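Participant: Quick note on numbering: the sequence shown equals residues 422 to 686 in the numbering used here.
Simulated from the structure, these hints should not be mistaken for laboratory data. Just so you know, these numbers come straight off a predicted model, no measurement behind them. Beta carbons are placed, not taken as given, at the ideal position from N, Cα and C, and that holds for glycine. Hints should not be assumed to be uniformly reliable.
No farther apart than 25 Å at their CA atoms in a straight line, the calculated lysine-lysine pairs in the DSS-like style are these [as the list claims (entries may be wrong)]:
1. K606 to K675
2. K506 to K606
3. K605 to K594
Restraint ranges, calculated between C-beta atoms of paired labels, are given here [to be verified]:
4. R618 to L577: 21 to 27 Å
5. F539 to G514: 33 to 39 Å
6. N645 to C490: 28 to 34 Å
7. S610 to L577: 17 to 23 Å
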Amino acid sequence: MKQPNTQDPVTRDNRQNWPKFVAILIVALFAGGALGTAVTWIMENPSRDEVIRHLGVALGACSPWVVLCALLFWAGSVVCYRRAKAAFASWNGEDEDVLESTEHLLSWSILWATASQFFAFAAFSVVVSLIPLGYADYLSLLAAIVGLLVVTFLVLLSQQRVVDLTRRINPEKQGSVYDLKFQKKWLASCDEAERQRIGQAAYSSFLVTSRTAMVVWIAMVLVNLYLPIGPLPVLAALIPWGVGQISYLAACLKMERSGSSSAKG
Numbered sequence: 422m423k424q425p426n427t428q429d430p431v432t433r434d435n436r437q438n439w440p441k442f443v444a445i446l447i448v449a450l451f452a453g454g455a456l457g458t459a460v461t462w463i464m465e466n467p468s469r470d471e472v473i474r475h476l477g478v479a480l481g482a483c484s485p486w487v488v489l490c491a492l493l494f495w496a497g498s499v500v501c502y503r504r505a506k507a508a509f510a511s512w513n514g515e516d517e518d519v520l521e522s523t524e525h526l527l528s529w530s531i532l533w534a535t536a537s538q539f540f541a542f543a544a545f546s547v548v549v550s551l552i553p554l555g556y557a558d559y560l561s562l563l564a565a566i567v568g569l570l571v572v573t574f575l576v577l578l579s580q581q582r583v584v585d586l587t588r589r590i591n592p593e594k595q596g597s598v599y600d601l602k603f604q605k606k607w608l609a610s611c612d613e614a615e616r617q618r619i620g621q622a623a624y625s626s627f628l629v630t631s632r633t634a635m636v637v638w639i640a641m642v643l644v645n646l647y648l649p650i651g652p653l654p655v656l657a658a659l660i661p662w663g664v665g666q667i668s669y670l671a672a673c674l675k676m677e678r679s680g681s682s683s684a685k686g
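Please work from the sequences and hints to get the whole structure.
Facilitator: This is the structure we're talking about:
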């Protein structure tokens, strides 16, 4: 019988890492048991229904206006954009550090705008989910819709200004935020270094999204054991993981085929 080669880097890496992996599984097992025990205690507590009712009433009263709290994130986007605009206006045409600082501020502006949009959608979702439970009415829904539309419009305006200023800094850039093919045109106008950064950032985002989706799925499965919420929330947490994994692998296969065809040609 052939003995495993201990000098093989594949075997060595597996032997070095499997104890850590087993340790993580053991910790996750105990954490899941503790969480299950805590949920069981909460579900059997006589005051549970009263606490849930008060929490639902409070959320129903506040959530329509919480959508507008997303404007705080949008304000951060505006501040970063104005600082970037002022920095570019003071550029003497030679100092590259000024351009780097300007583009860094524009990146922060986009980040704050995206956070604003995410917060608005999350708050709107809470309002919608509270209506069937009786903790919110359709007047609250109307207020939440108006708030969501306001935030969406302001975020879109911020994105347009950031893209426009970026194109003034880099005249080779192409695309308008109002163009349905904006992302494709923008990527096509990026140089090789920018595409590499985009690829690295996309891969990092893919990993974070995949892991987060699995954590949420596990949480939904555990919640469903003690508080039946049906299969839809569980599937909704799993779908982003599946779509992300399959689309990523499909894109890799497509690029491999393209690379092979180019090499043969």
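Participant: Going back to the hint list, which numbers does this structure go against?
Facilitator: none
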